[in-house]
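Protein sequence lines correspond, in order, to chains X and P.
Per the numbering used here, the first sequence starts with residue 1, numbered consecutively.
Per the numbering used here, the second sequence starts with residue 1, numbered consecutively.
Because the hints were derived from the structure by calculation, they are not lab data.
Nothing here was measured: the structure is a model prediction, and the numbers come from that model.
Take the hints with a grain of salt, since some may be wrong.
For identical chains, the list gives no copy identity; a pair is met inside one copy or between any two copies.
Okay, derived cross-link-like pairs now, SDA-like style, lysine to any residue, Cα gap no bigger than 20 Å in a straight line [as the list claims (entries may be wrong)]:
1. Lys232 / Ala12
2. Lys92 / Ser125
3. Lys232 / Pro268
4. Lys232 / Glu246
5. Lys25 / Ala56
6. Lys25 / Ala221
7. Lys110 / Leu14
8. Lys25 / Ser141
9. Lys276 / Pro150
10. Lys110 / Pro268
11. Lys110 / Thr247
12. Lys25 / Gly147
13. Lys92 / Gly49
14. Lys245 / Thr303
15. Lys25 / Gly225
16. Lys25 / Gly140
17. Lys25 / Asp220
18. Lys25 / Gly216
19. Lys92 / Ser126
20. Lys92 / Glu48
21. Lys245 / Phe46
Number of protein chains: 2
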Amino acid sequence: MQEFELIAEIFAPLAGPDRPAFGLKSDTAHWPAPDGETVVLTKDMFIEGHHFFPTADGGQIAQKLLRVNLSDLAASGATPRGYLLGLALPDKTSREWLIAFRDGLAADQKEFRIELWGGDTVAASSLMLSLTAIGTTPEGSALSRFGARPGDALYVSGTIGDAALGLKCLNDELVPNARFIQRLLKPEPRLALGEALRGLATAAVDISDGLVADVGHLADASGVGAVIEQSKVPLSPDVRELVEKETEYWPVILTGGEDYELAFTIEPGRTTELVKVSQRAGVPVIRIGEITDQGEVIVRDETGTPLQFERTGFVHFDGA
Amino acid sequence: MQEFELIAEIFAPLAGPDRPAFGLKSDTAHWPAPDGETVVLTKDMFIEGHHFFPTADGGQIAQKLLRVNLSDLAASGATPRGYLLGLALPDKTSREWLIAFRDGLAADQKEFRIELWGGDTVAASSLMLSLTAIGTTPEGSALSRFGARPGDALYVSGTIGDAALGLKCLNDELVPNARFIQRLLKPEPRLALGEALRGLATAAVDISDGLVADVGHLADASGVGAVIEQSKVPLSPDVRELVEKETEYWPVILTGGEDYELAFTIEPGRTTELVKVSQRAGVPVIRIGEITDQGEVIVRDETGTPLQFERTGFVHFDGA
Numbered sequence: 001m002q003e004f005e006l007i008a009e010i011f012a013p014l015a016g017p018d019r020p021a022f023g024l025k026s027d028t029a030h031w032p033a034p035d036g037e038t039v040v041l042t043k044d045m046f047i048e049g050h051h052f053f054p055t056a057d058g059g060q061i062a063q064k065l066l067r068v069n070l071s072d073l074a075a076s077g078a079t080p081r082g083y084l085l086g087l088a089l090p091d092k093t094s095r096e097w098l099i100a101f102r103d104g105l106a107a108d109q110k111e112f113r114i115e116l117w118g119g120d121t122v123a124a125s126s127l128m129l130s131l132t133a134i135g136t137t138p139e140g141s142a143l144s145r146f147g148a149r150p151g152d153a154l155y156v157s158g159t160i161g162d163a164a165l166g167l168k169c170l171n172d173e174l175v176p177n178a179r180f181i182q183r184l185l186k187p188e189p190r191l192a193l194g195e196a197l198r199g200l201a202t203a204a205v206d207i208s209d210g211l212v213a214d215v216g217h218l219a220d221a222s223g224v225g226a227v228i229e230q231s232k233v234p235l236s237p238d239v240r241e242l243v244e245k246e247t248e249y250w251p252v253i254l255t256g257g258e259d260y261e262l263a264f265t266i267e268p269g270r271t272t273e274l275v276k277v278s279q280r281a282g283v284p285v286i287r288i289g290e291i292t293d294q295g296e297v298i299v300r301d302e303t304g305t306p307l308q309f310e311r312t313g314f315v316h317f318d319g320a
Numbered sequence: 001m002q003e004f005e006l007i008a009e010i011f012a013p014l015a016g017p018d019r020p021a022f023g024l025k026s027d028t029a030h031w032p033a034p035d036g037e038t039v040v041l042t043k044d045m046f047i048e049g050h051h052f053f054p055t056a057d058g059g060q061i062a063q064k065l066l067r068v069n070l071s072d073l074a075a076s077g078a079t080p081r082g083y084l085l086g087l088a089l090p091d092k093t094s095r096e097w098l099i100a101f102r103d104g105l106a107a108d109q110k111e112f113r114i115e116l117w118g119g120d121t122v123a124a125s126s127l128m129l130s131l132t133a134i135g136t137t138p139e140g141s142a143l144s145r146f147g148a149r150p151g152d153a154l155y156v157s158g159t160i161g162d163a164a165l166g167l168k169c170l171n172d173e174l175v176p177n178a179r180f181i182q183r184l185l186k187p188e189p190r191l192a193l194g195e196a197l198r199g200l201a202t203a204a205v206d207i208s209d210g211l212v213a214d215v216g217h218l219a220d221a222s223g224v225g226a227v228i229e230q231s232k233v234p235l236s237p238d239v240r241e242l243v244e245k246e247t248e249y250w251p252v253i254l255t256g257g258e259d260y261e262l263a264f265t266i267e268p269g270r271t272t273e274l275v276k277v278s279q280r281a282g283v284p285v286i287r288i289g290e291i292t293d294q295g296e297v298i299v300r301d302e303t304g305t306p307l308q309f310e311r312t313g314f315v316h317f318d319g320a
C-alpha cells in the first residue's frame, strides 16, 4: 500500500472532511481555536520493544498511545480537541494491523469526542509512533505542576500499582491477572476529574513514571517536598490481596508507573469542595499525604519509617 | 546522560521559563492562542537512512527538520509560533551530537522567532525525530490547497531542482556542487511570501515531493488540472548550465522534490498585486502555467508536447 492510498483508505475516516483536517488532504490542520481559551499541547512517542511488545495488537497500541497523551491533558485540566499522528512503519506492516490500529483510534475518538487532524507517515525499519494531542482550558484555569505549597493536602485518584503488576504478568514474573493487564494496556485518562479540578487543585501531575517519581516531579516543579503515607495509597482488591501476602511488591506498586491516575494538591480547607468534584467526575480520590517544605519526597510506612527504593521511577532514555 | 538531565542541560535553553514551555518541566505546553486567529498545525517525521544520512551533522538535521515543518506553515500563510520536538535516540547518541542538534535549533529559533514548547524523549535502536510546528493566521485568511479554479494562473517561487540535484551529489551520481547540497540540507521556508499571499492566492502548496507531484496534490484537492510550461520553470544559474548540457536531468528537476518553494495560484487579473507582494516578501515568483478543468497535470515542452515521467514524485511509504 502506498502512502497516499494508506492515508486515504485507512486513516481519512478518522478525520472530518472540512477543517481542521480537510480529510487529511492537507499537510496542515487549520483550527479556529476558541477565543478566551488556553491551548494545551502534549506529545508522546512510542517505540516498538520499549513501549509495547512487537506482538501487541494494533488497536491496543493505538488506544494506549492516544490515552497516555490524553492523560497529560487531564493533568492540565484540559478538554481534548484533536490530535496529530506520526507513523513510522516497517514495509512489512500489514493492512490488517493498520485497520486494527485505525479501529482502536476510531473507538477512542468516539469515547473522548475528538478527531484526527493530521500527521505524517514514513517508512522505517521498526515501528515508531508519535502523537500530539491538543486540548483547551478556559484562560487562567489550566492546572500545572508548579503551584503546590507546604501544607497542601496531596491526593491521588483511582488505584495505584495495577498497571505495573500487569507488566510483571506480561513478563512472566507474576501469575497472569486480566485486570492488571487491562490497566496496563488500556489506561483511563482522568479527563473529567482534571476538568473538575480547575480552580481547585494547586498542582497536578499524571502518574506515568510512578507515584513516587511523579509526585517528585510535582514537588520539584513547585519547589517543595512531600510526605506520602504508604497505608493511604489506594489499592484495588486484587493488588491489596497480592501485597498483603507478598509485601515485596510494594516497591513495584509505588514506583512502577503507568497508572495514569492524577496526583494533585489542594489547600487543606477545601476538602468539602473536593468531595463534590470527585462525585461529579465519578472518580474516587483519596488523601495520601501532604506537601512539605523539606525538598524531597518521603514515603512512610505505618510506623512512620521512611521507605527506601532502588529506583523511584521509569527512565525513558539513559544514553551516552 | 539520563532523560531528565538531557532535557534540563541540552534542551531547556531552547524553551522559555514560563508558559507555554515552563522550561520543559511540564509534560504539556500552555499557550494562550491569540483571539481571532486560526491555529495552523503540522507534523513531520524524520527517519535515519530515509530522510538523512547516518553521518549527517546534528545541526543540519535539526535545521532541516524544523524548516520542512515551517515550509508547511508557509504554504498555509501562517506565522510560526512554536514547536514540539520528539526525539527517539539510540543509546550511543553522543553529547556532542546532541549539542550540535540543539545549536542548530537555537540558530533557527532566532531566525524564525519561535521557541521550543515541549516534546518527548525516548530510547530507540535508531534515530527518529518528530516535530510538530504551530503557527497562526488571522481567522479566514489561511491558504489551502483547495481553492484553485480553471483559468487561475499557476506560480512558483525561487528556483526548482537544486535540492534534488544536491541529493544526486551526495549519492555520488553527480559532480559535487556546494549550492545544490546547501539547498538540500538547509531549505528556506517561504514564510514571508506565504504571509503576503493571504487574501491573494486561491490555493498554495509547498514543494516537498516534487513540482509535478505537489502541483498534482493542489490540483486534486481543488478538483482541477494544470498545465506547466517546462520552459518557464525557474532554474538557478548552476541548474540551467547543467541541464542545457545534459537534458536527461529535466525529470530530476521537475519531480525530484525537496525544493520547499511555494507553488500557488491567483486569479488571472491580480498580477499587479502579486508583483508588489513578491517585492515586499523579497522572494521572486514566476508564472509557470495555469489551472485547467482537465483533471490532470501536464508538463509541456517548448513545442507543446507533453512530457512523460517514470514517477512524478517522492513516495514516503510504500509498504505491504
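To see whether the hints hold, each was checked on the structure:
1. Lys232 / Ala12: neither (47 Å within a copy, 36 Å between copies)
2. Lys92 / Ser125: both (9 Å within a copy, 18 Å between copies)
3. Lys232 / Pro268: within (17 Å within a copy, 73 Å between copies)
4. Lys232 / Glu246: Cα proximity of Lys232 and Glu246: one copy only (18 Å, versus 78 Å across).
5. Lys25 / Ala56: neither (30 Å within a copy, 31 Å between copies)
6. Lys25 / Ala221: Result: close only across copies, 7 Å inter versus 41 Å intra.
7. Lys110 / Leu14: within (10 Å within a copy, 37 Å between copies)
8. Lys25 / Ser141: between (35 Å within a copy, 18 Å between copies)
9. Lys276 / Pro150: So Lys276 and Pro150 fail the 20 Å test inside a copy (24 Å) and across (61 Å) alike.
10. Lys110 / Pro268: Classified as neither: same-chain Cα gap 37 Å, cross-chain 45 Å, threshold 20 Å.
11. Lys110 / Thr247: For Lys110 and Thr247, the Cα distance exceeds 20 Å both inside one copy (40 Å) and across copies (54 Å).
12. Lys25 / Gly147: Close across copies (13 Å), not inside one copy (42 Å); limit 20 Å.
13. Lys92 / Gly49: The answer is both: 16 Å in one copy and 17 Å across copies each meet 20 Å.
14. Lys245 / Thr303: within (19 Å within a copy, 87 Å between copies)
15. Lys25 / Gly225: So Lys25 and Gly225 pass the 20 Å test across copies only (16 Å; inside, 49 Å).
16. Lys25 / Gly140: Result: close only across copies, 19 Å inter versus 35 Å intra.
17. Lys25 / Asp220: between (43 Å within a copy, 9 Å between copies)
18. Lys25 / Gly216: The answer is between: 12 Å across copies meets 20 Å, while 43 Å in one copy does not.
19. Lys92 / Ser126: Both ways: Lys92 and Ser126 sit 10 Å apart in one copy and 18 Å across, limit 20 Å.
20. Lys92 / Glu48: both (14 Å within a copy, 18 Å between copies)
21. Lys245 / Phe46: neither (35 Å within a copy, 49 Å between copies)
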